[in-house]
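Engineer: Take 80 as the starting number for the sequence shown in my numbering and just add one per residue.
Just so you know, the hints here were simulated from the structure itself, not pulled from any lab data.
Cβ coordinates follow ideal geometry from the N, Cα and C atoms, glycine included.
Just to be clear, a hint being listed does not mean it is correct.
[Stated by the list, open to error] Derived Cβ-Cβ restraints for the label pairs, each shown as a range:
no., residue 1, residue 2, range
1, V277, Y438, 31 to 37 angstroms
2, P268, N452, 25 to 31 angstroms
3, P137, G435, 35 to 41 angstroms
4, M182, F403, 46 to 52 angstroms
5, H459, P268, 43 to 49 angstroms
6, T504, A381, 18 to 24 angstroms
7, R345, A127, 40 to 46 angstroms
8, N359, K423, 29 to 35 angstroms
9, D374, Y438, 47 to 53 angstroms
[What the hints assert, rightly or not] Here are the simulated lysine to aspartate or glutamate pairs, EDC-like style, with alpha carbons at most 20 angstroms apart:
no., residue 1, residue 2
10, K251, D374
11, K483, D374
12, K298, D425
13, K368, D507
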Amino acid sequence: MRNMNTMKTTIPVEIPNTFFVISIILSATVIAEYRVGVGIADVTGPIAQIHFLGYANPFQKGTGLHLRQFARAFIIEEDNQRVVFVSVDAAMIGAGLRSKVLMDLEKKYGDSYNEQNLILSATHTHSSPGGFMMDLLIDISTLGFIPQTFSALRRGIVKAIISAHNSLEEAKIYISSGTLLDCNINRSPSAYLLNPKVERDKYEYDVDKELTQLKFIAKGNSRLLGIINWFPVHPTSMNNTNTLVSSDNVGYASILFEKYINKNKRIGKGPFVAAFASTNLGDVSPNLKGARCVDTGAACDAVTSTCGGRSQSCIAYGPGRDMFESTKIIAERLFKKALEILDKNDEELRGGLIFGHQYVDMPSQYIDHMMPNGTATKVHGCLPAMGYSFAAGTTDGPGGFDFKQGTLSDNTMWNFIRNIIAEPTSDDISCHHPKPIFIPTGRGTKAEGITCKE
Numbered sequence: 080m081r082n083m084n085t086m087k088t089t090i091p092v093e094i095p096n097t098f099f100v101i102s103i104i105l106s107a108t109v110i111a112e113y114r115v116g117v118g119i120a121d122v123t124g125p126i127a128q129i130h131f132l133g134y135a136n137p138f139q140k141g142t143g144l145h146l147r148q149f150a151r152a153f154i155i156e157e158d159n160q161r162v163v164f165v166s167v168d169a170a171m172i173g174a175g176l177r178s179k180v181l182m183d184l185e186k187k188y189g190d191s192y193n194e195q196n197l198i199l200s201a202t203h204t205h206s207s208p209g210g211f212m213m214d215l216l217i218d219i220s221t222l223g224f225i226p227q228t229f230s231a232l233r234r235g236i237v238k239a240i241i242s243a244h245n246s247l248e249e250a251k252i253y254i255s256s257g258t259l260l261d262c263n264i265n266r267s268p269s270a271y272l273l274n275p276k277v278e279r280d281k282y283e284y285d286v287d288k289e290l291t292q293l294k295f296i297a298k299g300n301s302r303l304l305g306i307i308n309w310f311p312v313h314p315t316s317m318n319n320t321n322t323l324v325s326s327d328n329v330g331y332a333s334i335l336f337e338k339y340i341n342k343n344k345r346i347g348k349g350p351f352v353a354a355f356a357s358t359n360l361g362d363v364s365p366n367l368k369g370a371r372c373v374d375t376g377a378a379c380d381a382v383t384s385t386c387g388g389r390s391q392s393c394i395a396y397g398p399g400r401d402m403f404e405s406t407k408i409i410a411e412r413l414f415k416k417a418l419e420i421l422d423k424n425d426e427e428l429r430g431g432l433i434f435g436h437q438y439v440d441m442p443s444q445y446i447d448h449m450m451p452n453g454t455a456t457k458v459h460g461c462l463p464a465m466g467y468s469f470a471a472g473t474t475d476g477p478g479g480f481d482f483k484q485g486t487l488s489d490n491t492m493w494n495f496i497r498n499i500i501a502e503p504t505s506d507d508i509s510c511h512h513p514k515p516i517f518i519p520t521g522r523g524t525k526a527e528g529i530t531c532k533e
């Protein structure tokens with residue numbers, strides 16, 4: 080994500096059949112003057128009787144509050160170029176939410192903030208209310224669209240951006256990094272070992288251990304305005320039995336840092352803003368004790384993540400005695416490393432501000448691929464489809480029924496149910512092989528008449 084001369088952050092966002100990327104690039108090829116603004120606002124919606132988004136557990140419904148949700152906004156301006164990055168304590172960001180935020184900003188600022196320069200990044204907490212994605216596949220796990228959740232996120236994100244806009248001032252920007260151990264593990268180590276050895280040999284660990292920090296300092300009085308930290312770890316210290324709304328480990332880390340700098344200010348009210356934003360957290364778990372069988376304490380099956388053939392009995396734990404202590408421990412480790420990096424020698428960024436935005440239709444992209452036997456072939460992107468292993472969940476939150484991770488065979492009964500919704504074509508099946516298709520999301524048409532209003 081960085082080198083000594085250039086900082087580049089890339090945030091991918093899913094849109095059906097499309098890969099959408101915004102990149103911020105601060106290049107050291109020219110000297111630049113920056114203005115920076117930071118802002119924070121509460122985005123907590125209803126905390127009771129709303130299903131959570133993340134684990135897709137139909138029994139995980141809110142009963143109270145552990146940690147409030149916030150949107151943390153950072154605006155960087157240089158030579159009439161402006162970009163805004165917002166880290167939101169939520170499971171994900173939907174295209175519908177983004178469009179409504181842009182609509183509100185346009186009313187106030189015209190085209191200053193637009194589709195090209197607005198980045199909304201969810202922390203990916205699994206313990207916050209759902210029902211705001213305006214996407215049937217995702218909102219079905221929360222039993223539909225929840226206007227109150229959507230409105231709280233929309234208002235809070237816009238409010239955070241307004242606060243950042245109103246606080247713009249001349250500033251310097253620094254980047255630094257450090258290695259953080261004992262804070263994340265690979266939750267699919269056997270799958271990682273299937274990567275070519277020549278690739279695995281490039282890295283010391285089977286997950287990224289680097290914490291990267293962007294620091295904003297007021298130019299006039301060297302006041303610390305804010306920081307953005309990126310460290311790969313899933314916000315799943317709070318497991319799928321939790322029913323308290325929570326920003327989880329990364330949200331807790333933000334609160335710890337903000338309390339440390341803002342001293343006696345109420346949470347969410349101080350001038351300094353600290354984000355612990357999502358990055359390459361894919362199969363990266365905070366549950367350091369790993370996956371164990373709940374009934375015996377033995378290690379789960381390494382390939383299928385099951386115990387006695389059942390994924391529900393294989394759960395990852397730690398490092399604490401319960402999920403609340405684990406959340407606190409991971410948050411404190413993130414906070415302490417970020418604080419350590421704050422005081423180290425870092426690289427000042429001096430280059431011009433560039434941002435890029437692109438929509439790519441992935442199924443129409445063709446590339447030349449070299450087969451293991453040395454034969455060259457041309458392949459293309461597939462229409463999206465979820466496999467049987469998706470339904471098995473992960474060791475941080477297992478799925479239901481009899482699905483297992485690493486499944487390479489299908490099931491006649493589940494295929495029959497699948498085909499009622501949408502049937503994959505032979506091209507879909509061959510394109511995704513050896514993954515058996517459970518939900519051919521790119522072929523779904525049954526929900527075209529369903530709309531969500533807010």
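Engineer: Which hints from the list above does the structure break, by number from lowest to highest?
Structural biologist: Failing hints, ascending: 4, 5, 6, 7, 8, 10 and 13.
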